[in-house]
Amino acid sequence: MRFYLRELAHARAGDKGDTCNIGVIAYQSSFYNLMLTQVTPERVRAHFKGLVKGDIRRYELPKVHAINLVMEHALGGGVTRSLSLDPHGKSYSALLLALPMEVDEANSQILLALGRKPLA
Amino acid sequence: MKKNSIRIGAGASYAGDRIEPAAHLAEHGDLDYLVFETLAERTIALANVEKFKNPLLGYNAMLEDRFLACLKFCSEQGVKVVTNMGAANPEAALKKTVQIIQDLKLKPTKVAAVIGDDVLAYCKDNVHRLSIMETGLPLSSLEGEIVSANAYLGADHMVEALEHGADIVITGRCADCSLFLAPMMYEFKWREDDWNVLGQGQVCADMLECGANVSGGFFADPGYKEVPDLGNLGYPYIDIEPNGRGVISKVQGTGGVISPATCAEQMIYEIHDPSHYITPDVVVDFTGVELKPLGPDRVEITGGQGKARPDQLKVSIGIKEGWIGEAEITYAGLGCLNRARLAEAVVRRRIEISGLQLQELRVDYIGLNSLHGDASLLPLEEPYEVRVRFACRSADKLNAQKLANEVETLVGKGPCASSLPRIHVREVLAIYSVLVPRAEIKTHIVYEETHR
Chain A
1 MRFYLRELAH
11 ARAGDKGDTC
21 NIGVIAYQSS
31 FYNLMLTQVT
41 PERVRAHFKG
51 LVKGDIRRYE
61 LPKVHAINLV
71 MEHALGGGVT
81 RSLSLDPHGK
91 SYSALLLALP
101 MEVDEANSQI
111 LLALGRKPLA
Chain B
121 MKKNSIRIGA
131 GASYAGDRIE
141 PAAHLAEHGD
151 LDYLVFETLA
161 ERTIALANVE
171 KFKNPLLGYN
181 AMLEDRFLAC
191 LKFCSEQGVK
201 VVTNMGAANP
211 EAALKKTVQI
221 IQDLKLKPTK
231 VAAVIGDDVL
241 AYCKDNVHRL
251 SIMETGLPLS
261 SLEGEIVSAN
271 AYLGADHMVE
281 ALEHGADIVI
291 TGRCADCSLF
301 LAPMMYEFKW
311 REDDWNVLGQ
321 GQVCADMLEC
331 GANVSGGFFA
341 DPGYKEVPDL
351 GNLGYPYIDI
361 EPNGRGVISK
371 VQGTGGVISP
381 ATCAEQMIYE
391 IHDPSHYITP
401 DVVVDFTGVE
411 LKPLGPDRVE
421 ITGGQGKARP
431 DQLKVSIGIK
441 EGWIGEAEIT
451 YAGLGCLNRA
461 RLAEAVVRRR
471 IEISGLQLQE
481 LRVDYIGLNS
491 LHGDASLLPL
501 EEPYEVRVRF
511 ACRSADKLNA
521 QKLANEVETL
531 VGKGPCASSL
541 PRIHVREVLA
551 IYSVLVPRAE
561 IKTHIVYEET
571 HR
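Chains as they are written, first to last, in this note's numbering: chain A, 1 to 120; chain B, 121 to 572.
Read the hints as simulated data drawn from the structure, not as lab findings. Check the hints yourself; a few may be wrong.
In silico negatives: residues of chain A with every beta carbon more than 10 Å from chain B [stated by the list, open to error]:
#  : residue
1  : 1
2  : 11
3  : 14
4  : 23
5  : 36
6  : 40
7  : 42
8  : 43
9  : 47
10 : 53
11 : 64
12 : 83
13 : 86
14 : 105
15 : 108
16 : 110
Pairwise CB distance ranges, derived in the manner of DEER restraints [claimed, not checked]:
#  : chain 1 : residue 1 : chain 2 : residue 2 : range
17 : A       : 29        : B       : 517       : 50 to 58 Å
18 : B       : 415       : A       : 28        : 18 to 26 Å
19 : A       : 49        : B       : 396       : 39 to 47 Å
20 : B       : 196       : A       : 104       : 54 to 62 Å
Just a sample of chain B residues kept apart from chain A, beta carbon distances all over 12 Å, derived [unchecked claim]:
#  : residue
21 : 135
22 : 260
23 : 394
24 : 408
25 : 434
26 : 465
27 : 470
28 : 483
29 : 567
Ideal Cβ positions, reconstructed from N, Cα and C, are used throughout, including at glycine.
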């Protein structure tokens, strides 16, 4: 089944200059492997449709079942110069959580039991 | 005698932060230290501009209100205060603080100001040698007027002030975490090269540096992440032991939540490589950190490590870089989106006819795509109303103003049935970073003591 990443993880975005980073934390450790295989820099770049103009690097923090996505040249030239209403990119965490995820049977059952709805 | 543990509270995490939760924490938190962190990348540059206009200003505009609300409790309970509310003018902030203490008739208090983060003269002298971290080009490649250059100082100067008996330590630009690390280093006599302890201390400091962001602020997502009584968010404190182990919590009865989830969001959201987070005091390794729930709103933080501190310090350069003009107008009712799109076409035609000189133009449809552009999910049906936002960057004020005026004239000369527009024109104060050798940054500390 497919679910939004939002059902599997929560996230917060931060900024430094023109670089945005998003910490993504799995709600359960069984969701962490799904993030490792599917929340890749390539998929994130495609999902952000041109918002990220530089490199995307991914770091892993297995002890807190989290990843950190660091996206360069992603804030419209930098927090202080950007024409965006969200120059810090703080809302980018919500955009990332709209990434569709393929979820295996066991984890799907966990999500359904929590009342989470799969994607059509 | 060394203490078994100290409690440090976070009373602010940005220039305009709430005051009443900080006062509540000061009164009821049973604290040893209260830290106010109020500087973002641009705040210090804006403060420098203010100081240039008036040499008595340039420190945090809410310093007086904050101290009037909190210092009475700190003084009565022997809570020491560490803050970067000095911003561009720690010495003026010190004088103001001394006056407040005297006006409040508080017990004798020693106030310290750390001076020396301002390296504008050095940077101006070395524009050809200093390399901009964001672009790799020399500082001299920037065309605008450089108005500020402030180094991110570490905890060492604040530790020195505490060793000299300061009850209140006021700094300008320093690393946010260092404000929290300084009391730990001072109380537990941590050596300046005990990297693993400093690394763990900095992990704990990182938990508090954004204040209520760890206690439920900027966390709530109804149906997914619930936060009780979010409107009455309690500000956090942390208990630190001599080995650096930390337990984070907040005053009972306040709103908010502290859990491994809130701690993890706070821990990761402003670092890049988690094994190599550079601070002036230590290079922090977050990868071994464990977050263990100990009870309601109580989380244990262990496992942080560290490596040797960097030889160079980051300096934020503030530079005037043209102007931004913005204008917004709302269309509502049936066909609103078509009218909004026509409005955009009209403004683009006007830019052409009037020959406006713009470096960049951005058009957003608020309600549809204003934050995420083309990556936005499409709505299932046409919205009932949409707000169009035009934003431009230009070298001079005149062209930014003209763009705003073109949007203003949509009322009466654009599509039918809109709101009145709102327009806003402002100067851009951009921030770039360079690295400066520690030896080039000369600091000193100024003290003043109040009397009965």
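Consistency of the no-contact label for residue 23 of chain A, given chain B and a CB cut of 10 Å: Label violated. Min Cβ-Cβ 3 Å, cutoff 10 Å.
Assertion that residue 108 of chain A lies farther than 10 Å from chain B (Cβ): Check passes; 18 Å lies beyond 10 Å.
Status of the stated non-contact between residue 86 of chain A and chain B (beta carbon gap over 10 Å): violated (5 Å)
Least C-beta distance between residue 83 of chain A and chain B, which was stated to exceed 10 Å: Answer for residue 83 of chain A: violated, closest chain B Cβ roughly 4 Å.
Chain A versus residue 483 of chain B - minimum CB to CB distance exceeding 12 Å, so not interface: violated (10 Å)
Residue 434 of chain B remote from chain A - nearest C-beta pair above 12 Å: violated (10 Å)
Supplied distance hint 50 to 58 Å, evaluated on CB atoms of residue 29 of chain A and residue 517 of chain B: holds (55 Å)
Hint check for residue 104 of chain A and residue 196 of chain B - Cβ pair distance inside 54 to 62 Å: holds (59 Å)
Status of the stated non-contact between residue 110 of chain A and chain B (beta carbon gap over 10 Å): With a cut-off of 10 Å, residue 110 of chain A remains clear of chain B, as the shortest Cβ separation is near 15 Å.
Chain B versus residue 42 of chain A - minimum CB to CB distance exceeding 10 Å, so not interface: Given that every Cβ of chain B is farther than 10 Å from that of residue 42 of chain A, nearest at about 15 Å, it holds.
Outcome for the supplied range 18 to 26 Å, where the beta carbon pair is residue 415 of chain B and residue 28 of chain A: With Cβ atoms ~21 Å apart, the hint holds.
Non-interface claim for residue 14 of chain A, where every Cβ of chain B lies beyond 10 Å: The assertion about residue 14 of chain A is violated, with a minimum of 4 Å to chain B.
This entry does not satisfy hints 2, 3, 4, 9, 11, 12, 13, 19, 23, 24, 25, 28, going by the numbered hints stated previously.
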